[in-house]
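Colleague: Sequence:
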Amino acid sequence: MLLETMQRHQLAATLPRVARIDLADFLARSGLFEDKTCCKMVDPLPTHASVAPLQVVYRREFHIRQSDIDFNGHVNQMALIQLVINAFRSALADQTTIFPRLLDAGASPIVGDLLLRRLRIDYVRETPMDHRSVVVTLFFIEDASRDAVIASSAGSRGNAEAELGFLAQGVLEDGATPHIAAIGVLCVCC
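In this note's numbering, the protein residues as written are 122 to 311.
Derived from the structure by calculation, the hints contain no laboratory data.
There may be inaccurate statements among the hints.
Listed next, with one range per pair, are the computed distances between beta-carbon atoms [as the list claims (entries may be wrong)]: (1) Asn197 / Asn280: 30 to 36 Å; (2) Asp225 / Ala140: 21 to 27 Å; (3) Asp264 / Gln187: 17 to 23 Å; (4) Gln198 / Glu294: 36 to 42 Å; (5) Asn197 / Ser277: 37 to 43 Å; (6) Asp225 / Gly296: 39 to 45 Å; (7) Ala214 / Ala265: 37 to 43 Å; (8) Asp146 / Asp225: 17 to 23 Å; (9) Pro174 / Gly296: 25 to 31 Å; (10) Gln203 / Glu294: 20 to 26 Å; (11) Pro174 / Ile202: 28 to 34 Å; (12) Ser277 / Gln216: 16 to 22 Å.
Heads up, the beta-carbon is just placed ideally off N, CA and C, and yes, glycines get one too.
Produce the entire structure from the sequences given, and follow the hints as far as they go.
Modeller: Structure (structure tokens):
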């Protein structure tokens, strides 16, 4: 009876309740990584011909602070989500990338939060507090999303939804190969 009552009051959602992201497929489609560990990126970062030399990938490194750590001694999951959003804000301010095309002329990157429609994150591995930093990389999973952002301008907003993939990596103090902490999708309006 309790289950029936809960089902009656549950909102119908078009999104899947739980679906893991296929890490290998997700990162292979981006074409940004040289090896199967997806820790070494292609260098130099790819640019788009129609807006060259603007980069279509954005990376930001965040040094881990004590306030980012949970009681288990790992980077807090909410802190990691905030790092992803802060990386998106920084990408909007970086004039060497195509991301500022999402904003109207003169708009502050902080306004970019209004463009966020959905954030889906899949945790792969926790980042312990002995790590030096977390690197967040934003990239386009599909060419259609990249082209929607490139076509986006103040006079031609189509209210299309573009999907940005993100990869969060834990970076050790000793310079060892970073590990993947989380992957996900950031849906933005353009």
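Colleague: Are the hints correct? Go through all of them and say.
Modeller: Here is what the structure says about each hint:
no. : hint                        : result
1   : Asn197 / Asn280: 30 to 36 Å : holds (34 Å)
2   : Asp225 / Ala140: 21 to 27 Å : violated (34 Å)
3   : Asp264 / Gln187: 17 to 23 Å : violated (41 Å)
4   : Gln198 / Glu294: 36 to 42 Å : violated (22 Å)
5   : Asn197 / Ser277: 37 to 43 Å : holds (40 Å)
6   : Asp225 / Gly296: 39 to 45 Å : holds (42 Å)
7   : Ala214 / Ala265: 37 to 43 Å : violated (25 Å)
8   : Asp146 / Asp225: 17 to 23 Å : violated (35 Å)
9   : Pro174 / Gly296: 25 to 31 Å : holds (29 Å)
10  : Gln203 / Glu294: 20 to 26 Å : holds (22 Å)
11  : Pro174 / Ile202: 28 to 34 Å : holds (31 Å)
12  : Ser277 / Gln216: 16 to 22 Å : holds (20 Å)
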